[in-house]
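Enquirer: So the chains spell out like this:
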Amino acid sequence: MNEIALIHDAQQGDLDAFNRLALAYQDALYNTALRVLGDSEQAADATQEAFLSAFRNINSFRGGSFKAWLLRTVTNACYDELRRQKRRPTTPLEPAGDDDEEMESPRWLADSSMTPEQRAEADELEHAIQHCLNALPLDFRAVVVLTDVQGMDYGEAAAAIRAPLGTIKSRLARARLRLRECLQEFWELLPAAFRLKTEAHP
Amino acid sequence: MTSPNFSDIENLSALLDEKLPADEARRLRARLEQEPDLRAAYQNLRQARAILRQLPARRAPRNFTLSRQMAGVRAPTPRLFPLFQWASALTAIFFLFSLGLNALTASAPAAEAPMLAAAAPFAAESLPTATEESAPMLAAAAPAATAEPGAELRAAAPEPTSAKLAAPAADAPNASAETPAPAPQFSWPLVSTLLAALAVLLALTAWVIRWRAEQNFRRGA
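Top to bottom, those sequences are chains A and B. So the first sequence is numbered by this note's numbering: it starts at 3 and just counts up by one. So the second sequence is numbered by this note's numbering: it starts at 2 and just counts up by one.
Calculated directly from the structure, the hints in this document are not laboratory data. Glycine included, each C-beta is placed from N, C-alpha and C at the ideal position. Honestly, I wouldn't trust all of these hints.
Stated by the list, open to error - Distance ranges between label pairs, derived from CB positions:
(1) B:ALA31 x A:LEU140: 23 to 31 angstroms
(2) B:LEU105 x A:GLN14: 47 to 55 angstroms
(3) A:ARG64 x B:GLN35: 27 to 35 angstroms
(4) B:LEU202 x A:ASP16: 30 to 38 angstroms
(5) A:PRO166 x B:ARG60: 44 to 52 angstroms
Start from the sequences, fold in the hints, and give me the full structure.
Expert: And the structure:
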């Protein structure tokens, strides 16, 4: 995929070129929205909104990392979604399990190559992490998702949320510290393999 | 040995990401070897990052590509569309212009009507004179006018319009012999109506061209 050519074509109004870029980056945008919002439906809405906004404003892209630019649009869409939620709080509708209880990590989302035990462990871990992410202030959450989940460097994260590098560094340190404290509560719930792996570090 | 402050935590986090300047990193590593609290804080940050990296990447539940409708992409403008659009606009301007002329021509005869009425008897009297008496008399009157300017001006003072009005009458002798053929009338109202109809027709054509292009575009999308 020649990204630069596709961006250029998209800037000329070529929707097909833009859609090829959307297909390439949709997983990254969806995952970012999912980790920031903690809800798959809202994450899908925010991702769609982000792509729409990206197409409308693609002429404002002046080079650099296109992924970082797209992640900025999805972060903004997440902020908008959270502001909307504050104004009109709603009860999330999640798929119900056999016992009629809502499942926060539905089975249909899981990797089919895992054994049921592995899947349960993964779900548990994911649930705990997401719980702790949700407990972070939004600004901290966005930074930690962009850097530690999406693997962006400080500069890209700074561009994505339009904050100085120093702010990114500070928010990231605070977010990691708070996450570590929060996860301490779930330590026994975490899969043994993971516990050993993370605690094995000197 | 002191417990790490927030500045230390920030630097440890940056050290973890290798974003600390080399000399600062060297100093901090030296402290890490000597200060167990600092080392513990570093491990906490490291574990938090490791846990976050364990988060599984989810696949997008559907494709987020945009349809033309969602993106608000409109059909490309057909080449003929602007032509008809401009033609329609120009015709509309001509139509308005013709309406103005219409109004002017309608008001002019109304303003001149009393003058014509006043001049009618004079014209009627002068007509036979002009027809019966020959041109030399008219020619003689001209020098008289120059010879006695004051008297003539006084006498002629009320007459300029009537003379002017009578002028066609004076020219009439030749025509009066035959039946005067009615001059072809230029009907402004008719022109205005035609222009209005043309403007509407052109605008409609432009709209149909655009509409058909959009229909074809939607079928293709």
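Enquirer: Tell me the numbers of any earlier hints that the structure contravenes, in ascending order.
Expert: 1, 3, 5
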